[in-house]
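Asks: In case you want the letters, here they are:
Number of protein chains: 2
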Amino acid sequence: MSFGYRGKSLELLNKYGVNVGDKIFVKTNRACFSGILMPRSEIGDDKHIVIKLEDGYNIGLSISSIIDIEKIPQETPSKIIQPSIKSIPNLPNVAIISTGGTIASRIDYRTGAVSPALSAQDLYQSIPELGEIANIRTEILLSLLSENMLPKYWTMMAKSIKNHIEKGVEGIVLTHGTDTMGYTAAALSFSLRNLPIPVILVGSQRSSDRPSSDAYFNLKAAVLTAAKAPFAEVGVLMHSSISDDELIVHRGTRVRKMHTSRRDAFQSINSKPLAKIRNGNIEVYKPYKERGGSLELKADFNDKVVLIKCFPGMPLEIFNFLIERGYRGIVLEGTGLGHAPEYIFPYIKEAIDNGIAVVMTSQCLFGRVNMNVYSTGRILLSMGVIPGEDMLPETALVKLMWVLAQTNDLNEIKKLMLSNIAGEISERSEYGGSIL
Amino acid sequence: MSFGYRGKSLELLNKYGVNVGDKIFVKTNRACFSGILMPRSEIGDDKHIVIKLEDGYNIGLSISSIIDIEKIPQETPSKIIQPSIKSIPNLPNVAIISTGGTIASRIDYRTGAVSPALSAQDLYQSIPELGEIANIRTEILLSLLSENMLPKYWTMMAKSIKNHIEKGVEGIVLTHGTDTMGYTAAALSFSLRNLPIPVILVGSQRSSDRPSSDAYFNLKAAVLTAAKAPFAEVGVLMHSSISDDELIVHRGTRVRKMHTSRRDAFQSINSKPLAKIRNGNIEVYKPYKERGGSLELKADFNDKVVLIKCFPGMPLEIFNFLIERGYRGIVLEGTGLGHAPEYIFPYIKEAIDNGIAVVMTSQCLFGRVNMNVYSTGRILLSMGVIPGEDMLPETALVKLMWVLAQTNDLNEIKKLMLSNIAGEISERSEYGGSIL
Numbered sequence: 021m022s023f024g025y026r027g028k029s030l031e032l033l034n035k036y037g038v039n040v041g042d043k044i045f046v047k048t049n050r051a052c053f054s055g056i057l058m059p060r061s062e063i064g065d066d067k068h069i070v071i072k073l074e075d076g077y078n079i080g081l082s083i084s085s086i087i088d089i090e091k092i093p094q095e096t097p098s099k100i101i102q103p104s105i106k107s108i109p110n111l112p113n114v115a116i117i118s119t120g121g122t123i124a125s126r127i128d129y130r131t132g133a134v135s136p137a138l139s140a141q142d143l144y145q146s147i148p149e150l151g152e153i154a155n156i157r158t159e160i161l162l163s164l165l166s167e168n169m170l171p172k173y174w175t176m177m178a179k180s181i182k183n184h185i186e187k188g189v190e191g192i193v194l195t196h197g198t199d200t201m202g203y204t205a206a207a208l209s210f211s212l213r214n215l216p217i218p219v220i221l222v223g224s225q226r227s228s229d230r231p232s233s234d235a236y237f238n239l240k241a242a243v244l245t246a247a248k249a250p251f252a253e254v255g256v257l258m259h260s261s262i263s264d265d266e267l268i269v270h271r272g273t274r275v276r277k278m279h280t281s282r283r284d285a286f287q288s289i290n291s292k293p294l295a296k297i298r299n300g301n302i303e304v305y306k307p308y309k310e311r312g313g314s315l316e317l318k319a320d321f322n323d324k325v326v327l328i329k330c331f332p333g334m335p336l337e338i339f340n341f342l343i344e345r346g347y348r349g350i351v352l353e354g355t356g357l358g359h360a361p362e363y364i365f366p367y368i369k370e371a372i373d374n375g376i377a378v379v380m381t382s383q384c385l386f387g388r389v390n391m392n393v394y395s396t397g398r399i400l401l402s403m404g405v406i407p408g409e410d411m412l413p414e415t416a417l418v419k420l421m422w423v424l425a426q427t428n429d430l431n432e433i434k435k436l437m438l439s440n441i442a443g444e445i446s447e448r449s450e451y452g453g454s455i456l
Numbered sequence: 021m022s023f024g025y026r027g028k029s030l031e032l033l034n035k036y037g038v039n040v041g042d043k044i045f046v047k048t049n050r051a052c053f054s055g056i057l058m059p060r061s062e063i064g065d066d067k068h069i070v071i072k073l074e075d076g077y078n079i080g081l082s083i084s085s086i087i088d089i090e091k092i093p094q095e096t097p098s099k100i101i102q103p104s105i106k107s108i109p110n111l112p113n114v115a116i117i118s119t120g121g122t123i124a125s126r127i128d129y130r131t132g133a134v135s136p137a138l139s140a141q142d143l144y145q146s147i148p149e150l151g152e153i154a155n156i157r158t159e160i161l162l163s164l165l166s167e168n169m170l171p172k173y174w175t176m177m178a179k180s181i182k183n184h185i186e187k188g189v190e191g192i193v194l195t196h197g198t199d200t201m202g203y204t205a206a207a208l209s210f211s212l213r214n215l216p217i218p219v220i221l222v223g224s225q226r227s228s229d230r231p232s233s234d235a236y237f238n239l240k241a242a243v244l245t246a247a248k249a250p251f252a253e254v255g256v257l258m259h260s261s262i263s264d265d266e267l268i269v270h271r272g273t274r275v276r277k278m279h280t281s282r283r284d285a286f287q288s289i290n291s292k293p294l295a296k297i298r299n300g301n302i303e304v305y306k307p308y309k310e311r312g313g314s315l316e317l318k319a320d321f322n323d324k325v326v327l328i329k330c331f332p333g334m335p336l337e338i339f340n341f342l343i344e345r346g347y348r349g350i351v352l353e354g355t356g357l358g359h360a361p362e363y364i365f366p367y368i369k370e371a372i373d374n375g376i377a378v379v380m381t382s383q384c385l386f387g388r389v390n391m392n393v394y395s396t397g398r399i400l401l402s403m404g405v406i407p408g409e410d411m412l413p414e415t416a417l418v419k420l421m422w423v424l425a426q427t428n429d430l431n432e433i434k435k436l437m438l439s440n441i442a443g444e445i446s447e448r449s450e451y452g453g454s455i456l
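Protein sequence lines, in the order shown, are assigned to chains A and B.
Residue numbers for the first sequence follow the working numbering, so the first one is 21 and each next one is one higher.
Residue numbers for the second sequence follow the working numbering, so the first one is 21 and each next one is one higher.
The shape of chain A in the complex, shown without the other chains:
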């Protein structure tokens, strides 16, 4: 079995008589490494081999740099380290809730594709140092690729978190696919009112058996943050750059996946993050909600809400379709300061006249909706369109689903949408233009 190796890299492995799974010692023109020879995905090139170092980190080595490979005899098969079952009294208690995604996935060596497989338990076993930070309790709640996330699963997660809090934990880590992690973070931010402890969502951009996986560093930092951070908010923890020395915790309502593949794909939009993690230290940014208080769960979502992006030539019939199908809310991702083509105005009005809540956000993502600047914006406001302030379109969508599970009264909806519930709206945009 070549385990994904082919061409020049397979030739090299054959030359030295080593196989995937062997413990090897590799000498390159720059350094020496020892570790387990890992499989490659079939989409990898034939110019590298991948080894798992003893600290659990995978690296790729260019075969052109390799001078020698030696096989290290293994007396006994590497034993699987079991997490300590008896808890250590002085350590904080942290629950890891697994929902799937890349952080809990491995490559299918038959197809070369990645699918979710690892449980929180597996992750814990592969990073035994977690046991030095906290007493860990794990739960496999879901096993989803996060593009398949649904509002009903947000409710399920919020209930599971409540359950763990009632059992007594200092913090919660929720492993999640990165595709929709921002949406879930917003949903939990709204659901978990008066949250007493940190809830840290964490994912990885590369699965744990791929070279340069970020799963290891992200999970370790997430457990640390859940156990020790002074804030009691929902955060998303990921790399802050492509290197491993700094991780960042974004506020759940202000975070967005801004790159398809980079490890530092997540960014805080229109807001500072909650914290940075450097060398095991948590540097927090004020203000934040402090630990303490008693959780109030409001975990229902109305899924008859859509997000519609405005563009030149957008179809106007879509509004009639949404009215007919009984939709209750529309978040528009308008242009610029919160604009939409004037030819759809009568259809927006009809939707509002039918009791549908219409919220305006901006596809610019950064900045704040301001519908008072242009006459067309004022017309939309006068029709009853609710300005989304500096909320992300995705956060406004999740919030409107949450608000519509509580009330159908348009005035009440407007009041809630314009109130800052979970850090999703700031008083004034940090990045606004100023006058001399």
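I should point out that these hints are in silico values taken from the structure, not numbers from a laboratory.
Worth double-checking, as some hints may not be accurate.
Chain copies aren't distinguished; within one or between two, either way the pair holds.
[Stated by the list, open to error] The calculated lysine-lysine pairs, modelled on DSSO-like cross-linking and capped at a C-alpha distance of 27 angstroms, are: (1) K369 x K172; (2) K369 x K324; (3) K72 x K248.
Remember, predicted model here, so these are calculated numbers, not experimental data.
Fit chain B to the supplied structure of chain A, relying on the hints for placement.
Replies: Chain B only, in chain A's frame:
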């Protein structure tokens, strides 16, 4: 008439007996300024006055800094400078085509709202230095707020540009609202095949009669770029930072408005820009298409194309609606590497079986769609979904409208969508993760 002044600022103006339109000399605790007292918009505060300096730039002055105001008697009403009618032989010829937007707008002092009004001719008259850079020809093609842009107007613009090129110009400036300037830039990039000269789209984030308007600097740099830049591509020229000393020209297919209000709102995504303009110098980034060749116009767009953003709980009935209404193309703004909820897969398949072209892009914006990594992505590919590579969702939408005006053959559509036509796709993402 207080022209938007109220409270403390109105008091101050009354104290010194000056009115909007007066030429005044203002002494502050830091400096002295002379210029015309400008009106304020009704949404302005009461703590500043605004004057237009002699170089055409508007500034706001804090009334707390003002020590004295003097009215300067004006012997004659300021004359309107007419552009020179006879052209100067050694100067390049540049056409300014006006389509509306903030750069061509002024505040309606009755309502306080901004609406498009100024023509290219007006702009030229208010910046007579343009005549030192080039012989200017102006055309008022449209007078739109750009949220009202439609594919048929892209065709109109492309034809107007062809017309000017045939008459003989060294470059073209197109003034445009910023809301949908990125869409238009992409549309013109595809329409103007083998473009022989630069076509520079330019807008402003603040209208020319507001303090710190960027209209003046942007238009001047756009004329310079159109006249002198060595590249013959469609570019978008705007501020590169909040200060006025650097402007940037983005490639038309790679640019996006990324902030609702900042002057440096436009960003190049997944690509370097075409050029920077600093102190009147054009610094270009290679590679680019050089000047020369013979224009080929392909300016038709099929507007039965939609852009749909994927989100948790997105409605599946929308696909049946689009099939019934005769739509020809769907650009999905998927999650992550190009994913969509699996429950919509059968509906996507049905759309493709009905001859609809489905293209996958990513709502991450940065990075590249890669549907080979996860098994679900592979299923979408096998169904015939066309991966959008590292194209912006908006650019993919415009391109699909353009491609569908040329062919209905799904194989041909796929071939064109996967080909780099106007710099919209790069071979390999600049920002991909690397292996040691």
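Asks: Work down the list of hints and note, for each, if the structure agrees.
Replies: Hint check:
| no. | hint | verdict |
| --- | --- | --- |
| 1 | K369 x K172 | between (30 angstroms within a copy, 25 angstroms between copies) |
| 2 | K369 x K324 | both (18 angstroms within a copy, 24 angstroms between copies) |
| 3 | K72 x K248 | neither (29 angstroms within a copy, 55 angstroms between copies) |
Of the hints listed earlier, the one the structure fails to meet is number 3.
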